[in-house]
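A.B. asks: I would like the entire structure built from these sequences, with the hints used as guidance.
Chains as they are written, first to last, in this note's numbering: chain A, 1 to 114; chain B, 1 to 111.
Read the hints as simulated data drawn from the structure, not as lab findings.
In this text, a Cβ means the ideal position worked out from N, Cα and C, and glycines have one as well.
Some hints here could point you the wrong way.
Claimed, not checked - Partial selection, computed: residues in chain A whose CB lies under 8 Å from chain B:
1. Phe-33
2. Leu-45
3. Thr-48
4. Leu-92
5. Ala-103
6. Gly-106
Said to hold, decoys possible - Listed next, the in silico BS3-like pairs over lysine-lysine satisfying Cα-Cα at most 30 Å (straight line):
7. Lys-52/B with Lys-3/B
8. Lys-98/B with Lys-3/B
9. Lys-103/B with Lys-7/A
10. Lys-69/B with Lys-3/B
11. Lys-98/B with Lys-7/A
12. Lys-65/A with Lys-7/A
13. Lys-65/A with Lys-98/B
14. Lys-69/B with Lys-98/B
15. Lys-52/B with Lys-98/B
16. Lys-103/B with Lys-65/A
17. Lys-103/B with Lys-52/B
18. Lys-3/B with Lys-103/B
19. Lys-52/B with Lys-69/B
20. Lys-65/A with Lys-3/B
21. Lys-69/B with Lys-103/B
The primary structure of each chain is shown beneath.
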Amino acid sequence: SAVISQKPSRDICQRGTSLTIQCQVDSQVTMMFWYRQQPGQSLTLIATANQGSEATYESGFVIDKFPISRPNLTFSTLTVSNMSPEDSSIYLCSVDVTENTEAFFGQGTRLTVV
Amino acid sequence: DAKTTQPTSMDCAEGRAANLPCNHSTISGNEYVYWYRQIHSQGPQYIIHGLKNNETNEMASLIITEDRKSSTLILPHATLRDTAVYYCIVRVANRDDKIIFGKGTRLHILP
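C.D. replies: Written out as structure tokens, the structure reads:
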């Protein structure tokens with residue numbers, strides 16, 4: 001299994017500002033995945049982060065709005081830039097670990113933009 | 001897009017078996033069926049997965065039809081703590097394959 005720590009767990013931010021969310025895993029993983037969950041909705045994949053290369057973004061998500069860093073095999077950050085109230089969501093990171101095929105998820109970061 | 005369809009919501013009496021259906025008529029030969037659940041304010045939790053044979057673990061059983069176009073997740077003795085949104089997902093059993101979530105089934109366990 002994998003233990004995933006996300007920080008912050010929640011935040012309230014002013015519109016126009018940016019927030020960086022951290023995801024730390026207790027084991028080395030190849031891919032890390034970032035999701036957004038808008039209120040009352042399912043999870044939507046934002047991007048896939050591979051160590052040593054640029055993240056791959058899903059349709060509707062762009063690097064300027066959601067820049068991602070992946071400096072090593074246990075850590076990644078997602079930044080939500082120039083926030084608006086529509087960015088109010090839960091943001092989650094996810095990983096697959098070497099010896100399993102099921103994915104593990106962090107507890108999420110609950111973001112409110114005012 | 002998600003390759004599965006599930007009922008939007010279901011109710012089940014506490015102590016009874018909860019049977020959650022999922023249709024995945026376009027599943028490919030190398031894709032597995034995975035089930036996750038999300039309890040309120042938590043990240044999704046893995047439950048079980050299978051390819052073509054029925055599977056059972058300490059949490060649930062997974063029944064996959066012979067043509068693999070549908071499956072059923074069975075929680076044998078539902079408790080109030082099983083109230084959650086349940087997601088049925090098809091994906092290749094490759095640790096680098098992304099997970100695409102559908103809308104899931106909101107399961108209410110009734111006391």
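A.B. asks: Provide an ascending list of the numbers of those earlier hints which the structure does not satisfy.
C.D. replies: none
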